[in-house]
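Start from chain A and add chain B according to the hints.
Note that the protein sequences, when read in sequence, are chains A and B. Under our numbering, read the first sequence as residues 1 to 181, first letter to last. Under our numbering, read the second sequence as residues 1 to 88, first letter to last.
Careful: at least some of the hints might be erroneous.
[To be verified] So the derived label-pair ranges between C-beta atoms look like this:
#, chain 1, residue 1, chain 2, residue 2, range
1, B, 66, A, 112, 52 to 58 Å
2, A, 22, B, 48, 37 to 43 Å
3, A, 19, B, 47, 27 to 33 Å
4, B, 70, A, 97, 34 to 40 Å
5, B, 47, A, 62, 42 to 48 Å
6, A, 116, B, 52, 25 to 31 Å
7, A, 154, B, 60, 41 to 47 Å
8, A, 119, B, 71, 18 to 24 Å
9, B, 47, A, 23, 52 to 58 Å
10, B, 67, A, 166, 26 to 32 Å
11, A, 154, B, 81, 28 to 34 Å
12, A, 115, B, 62, 40 to 46 Å
13, A, 115, B, 79, 20 to 26 Å
14, A, 8, B, 77, 55 to 61 Å
Hint data in this document are derived by calculation from the structure and do not stem from the laboratory. For glycine and all other residues, C-beta sits at the position ideal for the given N, C-alpha and C.
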Amino acid sequence: MKLEINTTILNKELISLEENINKFIDSNNDIYNELSKINDYWQGMDAEYFINIINKDKNNCILVLDNLYKISNLYKEINYLYDNIDKKIIYDNTYNNTIMNNINNSIENLNKTNNNIDNIVLPYNFNYKNMIINTNNIIKNIKEDLIKYQDSINNMISKLEENESEILKKISNINMNITNE
Amino acid sequence: MELEEIKYQYERIVYILENNIKLLNNTYNYLNNVKRFMNSTIIINDKAYSSLELNNIIDNIINNINIINNIILPNIKNEYNSLLEGKN
Numbered sequence: 001m002k003l004e005i006n007t008t009i010l011n012k013e014l015i016s017l018e019e020n021i022n023k024f025i026d027s028n029n030d031i032y033n034e035l036s037k038i039n040d041y042w043q044g045m046d047a048e049y050f051i052n053i054i055n056k057d058k059n060n061c062i063l064v065l066d067n068l069y070k071i072s073n074l075y076k077e078i079n080y081l082y083d084n085i086d087k088k089i090i091y092d093n094t095y096n097n098t099i100m101n102n103i104n105n106s107i108e109n110l111n112k113t114n115n116n117i118d119n120i121v122l123p124y125n126f127n128y129k130n131m132i133i134n135t136n137n138i139i140k141n142i143k144e145d146l147i148k149y150q151d152s153i154n155n156m157i158s159k160l161e162e163n164e165s166e167i168l169k170k171i172s173n174i175n176m177n178i179t180n181e
Numbered sequence: 001m002e003l004e005e006i007k008y009q010y011e012r013i014v015y016i017l018e019n020n021i022k023l024l025n026n027t028y029n030y031l032n033n034v035k036r037f038m039n040s041t042i043i044i045n046d047k048a049y050s051s052l053e054l055n056n057i058i059d060n061i062i063n064n065i066n067i068i069n070n071i072i073l074p075n076i077k078n079e080y081n082s083l084l085e086g087k088n
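Extracted from the complex, chain A is given alone in its bound form (with noise of 0.2 Å):
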């Protein structure tokens, strides 16, 4: 699955479609209150067979400008997801289990060659005991370095699945209502 989130794009999108509900809210007040003033001429059942093609439009406007603030909803809701609305963001996750399994063999090594020291004897006065104990310090510290960097990636990786489904569900939603409507 991949999905790409231009948040720049998006938000300027954002600030068009909210100038634009804006319009068409000025507009159609306008265009009302001028028709209600040619309501003042009309009498009897054309009067009231006019009201009636008003009142169907303004509900007709009603229902567009609700699917509108969907939209605007949606895209405020996507910017949100992401942190920072400034970023374009790519994620695709064919080889997550790749990276993971990568991760996962390379701890199991850095295991393995602090357990061959650990078992080690050492022969009495070894001049180099102690270079091999700090090397294998070292290598128990790279393990732990290297256990939160998995976990960096795992919360990283999940937080982006996780905005990623949000988005396809809210976008499928959406689609459902303004299908529906």
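Chain B only, in chain A's frame:
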């Protein structure tokens, strides 16, 4: 301590250290794979996600391979040879 026993201990240390170098070399290759696959997994602002932590870990592993390979092992082997020459 018997010479044979000391010889065995030295040979065992050399064997274990050589084996550890192989393990560290494998680890180095695994981590380079991680780096390579991470480059196509997460891209931020058109740049592959690069981690300073991972680069440091890889550098530390190379340093350790070099220390064992170029300093510890040759010295132990020399000491082992002198031990054999001295006893002979």
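Taking the hints in turn, this is what the structure says about them:
1. B:66 <-> A:112: 52 to 58 Å: The hint (52 to 58 Å, Cβ to Cβ) is violated, given that residue 66 (chain B) and residue 112 (chain A) are roughly 20 Å apart.
2. A:22 <-> B:48: 37 to 43 Å: Given about 40 Å between the Cβ atoms, the range holds.
3. A:19 <-> B:47: 27 to 33 Å: Given a distance of about 32 Å, which is inside 27 to 33 Å, the answer is holds.
4. B:70 <-> A:97: 34 to 40 Å: The hinted range 34 to 40 Å holds for residue 70 (chain B) and residue 97 (chain A), with Cβ atoms some 36 Å apart.
5. B:47 <-> A:62: 42 to 48 Å: Holds, since residue 47 (chain B) and residue 62 (chain A) (Cβ atoms, about 45 Å apart) stay within the stated range.
6. A:116 <-> B:52: 25 to 31 Å: Distance hint for residue 116 (chain A), residue 52 (chain B) holds at roughly 29 Å.
7. A:154 <-> B:60: 41 to 47 Å: violated, 21 Å
8. A:119 <-> B:71: 18 to 24 Å: Since the Cβ atoms of residue 119 (chain A) and residue 71 (chain B) sit about 22 Å apart, the hinted range of 18 to 24 Å holds.
9. B:47 <-> A:23: 52 to 58 Å: violated, 38 Å
10. B:67 <-> A:166: 26 to 32 Å: violated, 48 Å
11. A:154 <-> B:81: 28 to 34 Å: violated, 48 Å
12. A:115 <-> B:62: 40 to 46 Å: Violated: the Cβ-Cβ distance is about 22 Å, outside 40 to 46 Å.
13. A:115 <-> B:79: 20 to 26 Å: Distance hint for residue 115 (chain A), residue 79 (chain B) holds at roughly 24 Å.
14. A:8 <-> B:77: 55 to 61 Å: At roughly 59 Å between Cβ atoms, residue 77 (chain B) and residue 8 (chain A) fall inside 55 to 61 Å, so the hint holds.
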